[in-house]
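Model the placement of chain B on the given structure of chain A, informed by the hints.
Listed below, chain by chain, are the residues.
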Amino acid sequence: AQSVTQLGSHVSVSEGALVLLRCNYSSSVPPYLFWYVQYPNQGLQLLLKYTSAATLVKGINGFEAEFKKSETSFHLTKPSAHMRDAAEYFCAVSDTGGSQGNLIFGKGTKLSVKP
Amino acid sequence: DVKVTQSSRYLVKRTGEKVFLECVQDMDHENMFWYRQDPGLGLRLIYFSYDVKMKEKGDIPEGYSVSREKKERFSLILESASTNQTSMYLCASRRGQRYQPQHFGDGTRLSIL
Numbered sequence: 245a246q247s248v249t250q251l252g253s254h255v256s257v258s259e260g261a262l263v264l265l266r267c268n269y270s271s272s273v274p275p276y277l278f279w280y281v282q283y284p285n286q287g288l289q290l291l292l293k294y295t296s297a298a299t300l301v302k303g304i305n306g307f308e309a310e311f312k313k314s315e316t317s318f319h320l321t322k323p324s325a326h327m328r329d330a331a332e333y334f335c336a337v338s339d340t341g342g343s344q345g346n347l348i349f350g351k352g353t354k355l356s357v358k359p
Numbered sequence: 075d076v077k078v079t080q081s082s083r084y085l086v087k088r089t090g091e092k093v094f095l096e097c098v099q100d101m102d103h104e105n106m107f108w109y110r111q112d113p114g115l116g117l118r119l120i121y122f123s124y125d126v127k128m129k130e131k132g133d134i135p136e137g138y139s140v141s142r143e144k145k146e147r148f149s150l151i152l153e154s155a156s157t158n159q160t161s162m163y164l165c166a167s168r169r170g171q172r173y174q175p176q177h178f179g180d181g182t183r184l185s186i187l
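Chains A and B are the protein sequences, given in the same order. All letters in the first sequence, in the order written, are residues 245 to 359 by our numbering. All letters in the second sequence, in the order written, are residues 75 to 187 by our numbering.
Just chain A, with the same shape it has in the complex (with noise of 0.2 Å):
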């Protein structure tokens, strides 16, 4: 069965530096796998997916995610923080033990932006 991981539940940052938010997942056979962000009182709304194409993505907001397959981790990282970076932030792979390929999420990841 599929799992993912993510490596801190809360990630301080200041702005102008590195985002780095990590997710390793598991996985039986070639994976699809989703970053999701999370505004306060939102909804989920994609950054960002890994479909077997390029192992490099881009997503939406300067962010971007690379496939290692040989890690199994799927990162999540952005040069610099802005304020309105600060959001919780979910990875998620697509389930392929059940018949219609529902997403398992990790616990998600709080990231806050000092200035």
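There's no promise every hint is true.
No farther apart than 25 Å at their CA atoms in a straight line, the calculated lysine to aspartate or glutamate pairs in the DMTMM-like style are these [stated by the list, open to error]:
no.: 1; chain 1: B; residue 1: K77; chain 2: A; residue 2: E332
no.: 2; chain 1: A; residue 1: K354; chain 2: B; residue 2: D180
no.: 3; chain 1: B; residue 1: K144; chain 2: B; residue 2: D102
no.: 4; chain 1: A; residue 1: K354; chain 2: B; residue 2: D133
no.: 5; chain 1: B; residue 1: K87; chain 2: B; residue 2: E136
no.: 6; chain 1: A; residue 1: K293; chain 2: B; residue 2: D133
no.: 7; chain 1: B; residue 1: K145; chain 2: B; residue 2: D102
The set of hints was computed from the structure by calculation and includes no laboratory data. Small disclaimer: the values here were computed from a predicted structure and weren't measured.
Using the frame of chain A, we list chain B on its own:
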């Protein structure tokens, strides 16, 4: 752009009431999902539907039921609300196969008193 609309942003109900949460999507998506979100637990799947009148249990279906009479609408029903069902509820829809992303509504924050 895909639009997933949940009927209420905030809802307060009493223990024992029957509660309906409504979700509508405007992109003719086959698949629709209901999640609950709790601090420290992430998102957990309650039920999903891959076609009209079709439904499957997710990870935590106990105390809930669903209805999908029309393709665009997916309803979550709390048969007899209890305080441990106080949570944020998120609806999502997805077109086609599992490599497609899910699109989420803004959520309903439900409080059971």
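Status of the hints after comparison with the structure:
For the given pair, K77 (chain B) sits about 21 Å from E332 (chain A) by alpha-carbon distance, which is consistent with the 25 Å threshold. Pair hint K354 (chain A) plus D180 (chain B) holds up; C-alpha atoms about 18 Å apart against a cutoff of 25 Å. A hinted pair counts as satisfied when its Cα atoms are at most 25 Å apart, and K144 (chain B) with D102 (chain B) qualifies at roughly 10 Å. About 24 Å separates the Cα atoms of K354 (chain A) and D133 (chain B), which keeps this hinted pair within 25 Å; it holds.
Note on K87 (chain B) and E136 (chain B): the hinted pairing holds, with a Cα-Cα distance of about 19 Å set against a maximum of 25 Å. Proximity of K293 (chain A) to D133 (chain B) is assessed by CA-CA distance (about 24 Å); at most 25 Å being required, the pair is judged to hold. Restraint check: the Cα-Cα separation between K145 (chain B) and D102 (chain B) comes to about 7 Å, which is no more than 25 Å; the hinted pair holds.
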